[in-house]
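Chains as they are written, first to last, in this note's numbering: chain A, 1 to 76; chain B, 1 to 261.
If you're looking for bench data, these hints aren't it; they were derived computationally from the structure. In this text, all values refer to a predicted model and were calculated from it rather than measured experimentally. Using N, Cα and C, we set each Cβ at its ideal position, and we do this for glycine too. Just to be clear, a hint being listed does not mean it is correct.
[Claimed, not checked] As a list, the in silico BS3-like pairs of lysine-lysine whose alpha-carbon atoms are at most 30 Å apart: (1) B/K15 with A/K3; (2) B/K16 with A/K35; (3) B/K211 with A/K72; (4) B/K232 with B/K15; (5) B/K211 with A/K40; (6) A/K35 with B/K198; (7) A/K74 with B/K16; (8) A/K73 with B/K15; (9) B/K232 with B/K195; (10) B/K232 with A/K50; (11) B/K150 with B/K198; (12) B/K211 with B/K195; (13) B/K15 with B/K52.
[Unchecked claim] A few chain A positions that, by computed beta-carbon distances, are all more than 12 Å from chain B: (14) N19; (15) I29; (16) G34; (17) K35.
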Amino acid sequence: MGKFRGLIVVDRERCKGCNLCVVACPLHILALAGKRVNKKGYHYAEQTDKGLCNGCASCAIVCPDGCITVYKKKEE
Amino acid sequence: MTEEEIMRPENLVYKKPALLNDNPMHYCPGCSHGVVHKLVAEIIEEMGMEEKTVAISPVGCAVFAYNYIDVDWVEAAHGRAPAVATAIKRLWPDRLVFTYQGDGDLACIGTAESIHALNRGEHIAIIFINNAIYGMTGGQMAPTTLMGMKTSTCPYGRVADLHGYPLKFTEIAATLEGTCYVTRQSVHNVAAIRKAKKAIRKAFENSMAGKGASLVEIVSTCNAGWKLSPEKANQWMEEHMFKFYPLGDLKDTTAITEDSL
Numbered sequence: 001m002g003k004f005r006g007l008i009v010v011d012r013e014r015c016k017g018c019n020l021c022v023v024a025c026p027l028h029i030l031a032l033a034g035k036r037v038n039k040k041g042y043h044y045a046e047q048t049d050k051g052l053c054n055g056c057a058s059c060a061i062v063c064p065d066g067c068i069t070v071y072k073k074k075e076e
Numbered sequence: 001m002t003e004e005e006i007m008r009p010e011n012l013v014y015k016k017p018a019l020l021n022d023n024p025m026h027y028c029p030g031c032s033h034g035v036v037h038k039l040v041a042e043i044i045e046e047m048g049m050e051e052k053t054v055a056i057s058p059v060g061c062a063v064f065a066y067n068y069i070d071v072d073w074v075e076a077a078h079g080r081a082p083a084v085a086t087a088i089k090r091l092w093p094d095r096l097v098f099t100y101q102g103d104g105d106l107a108c109i110g111t112a113e114s115i116h117a118l119n120r121g122e123h124i125a126i127i128f129i130n131n132a133i134y135g136m137t138g139g140q141m142a143p144t145t146l147m148g149m150k151t152s153t154c155p156y157g158r159v160a161d162l163h164g165y166p167l168k169f170t171e172i173a174a175t176l177e178g179t180c181y182v183t184r185q186s187v188h189n190v191a192a193i194r195k196a197k198k199a200i201r202k203a204f205e206n207s208m209a210g211k212g213a214s215l216v217e218i219v220s221t222c223n224a225g226w227k228l229s230p231e232k233a234n235q236w237m238e239e240h241m242f243k244f245y246p247l248g249d250l251k252d253t254t255a256i257t258e259d260s261l
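Please model the complete structure; the sequences and the hints are all you need to start from.
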């Protein structure tokens, strides 16, 4: 079975730091930025381990503000 | 494989629907409204009804829904969205007409309009966001507030002697002759969101096929009103709300059963 590599792009300025994507990620590789904030003062979501993502899009589906774009490519 | 190789248009799996515009939503972080808005935008796009949809927004948190989804909207007086939807659908039968209402709008001030529009079997879809509280005005008790639940107007919890019992509007709607599809869904996790999307799509298709009125209740969270974090609010909803408001289809006359074959 082929392995998939995924990548997410978070719209940091749109993110409100609600933490729902962090809870939804089955691989536990999302977290809210510790000390960094966006213009509105929210700790935005970011990937902690980019190599592990498989592009399942759970984070993007639960995101109430549609901040997450997901890409997925099969590894050769 | 580099990031540039993965981040190509042909590898795109999921992005914000184009119909949901870039205006920042005024909803609190983690609000269920955002997810439902996203689903509605996705479904209208998938159905190709961008230019032929008229939606009716309520009074409540979703009053500014017209700022976020790029279709035609009418803002109705408090609770009167189903009445406005009736007029629009009767004048324009080829349009997709749906209302988007909260529990304060649909199950309190607009109970009469909602029940009669559903009972007349108007070919409209109603999306009913039930978060058991008045979110916009600051977390007061709503008709749908659970027994014992604390709000700013019942700080010691809802009691039957003083406040009466919570209203199960969807169960009432299921008993009406005019409704063709009545269901209760939720958007607290990925599986539930996929089911809710199918339900809303079915309601919209029923509306276009002229099968009767459809009601999709979405049991939602109001983390600001409940004074919980978005994550805790979802857990609280699963523990308490689903007991009183069990998920699933309550009525579906459009389903193909053995009897109808």
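Verification of the supplied hints:
1. B/K15 with A/K3: holds, 22 Å
2. B/K16 with A/K35: It holds: about 27 Å lies between the C-alpha atoms, which stays within 30 Å.
3. B/K211 with A/K72: violated, 40 Å
4. B/K232 with B/K15: Between B/K232 and B/K15 the Cα gap is close to 26 Å, so the pair holds against 30 Å.
5. B/K211 with A/K40: Between B/K211 and A/K40 the Cα gap is close to 46 Å, so the pair fails against 30 Å, i.e. violated.
6. A/K35 with B/K198: Not OK: A/K35 and B/K198 at ~39 Å, beyond 30 Å, violated.
7. A/K74 with B/K16: Given that 30 Å is the threshold and the Cα spacing comes to 22 Å, the pair holds.
8. A/K73 with B/K15: holds, 15 Å
9. B/K232 with B/K195: holds, 22 Å
10. B/K232 with A/K50: holds, 27 Å
11. B/K150 with B/K198: violated, 33 Å
12. B/K211 with B/K195: holds, 21 Å
13. B/K15 with B/K52: holds, 23 Å
14. N19: Check fails; 6 Å does not lie beyond 12 Å.
15. I29: holds, 15 Å
16. G34: holds, 17 Å
17. K35: For A/K35, whose nearest Cβ neighbour in chain B is about 18 Å away, the distance exceeds 12 Å, so it holds.
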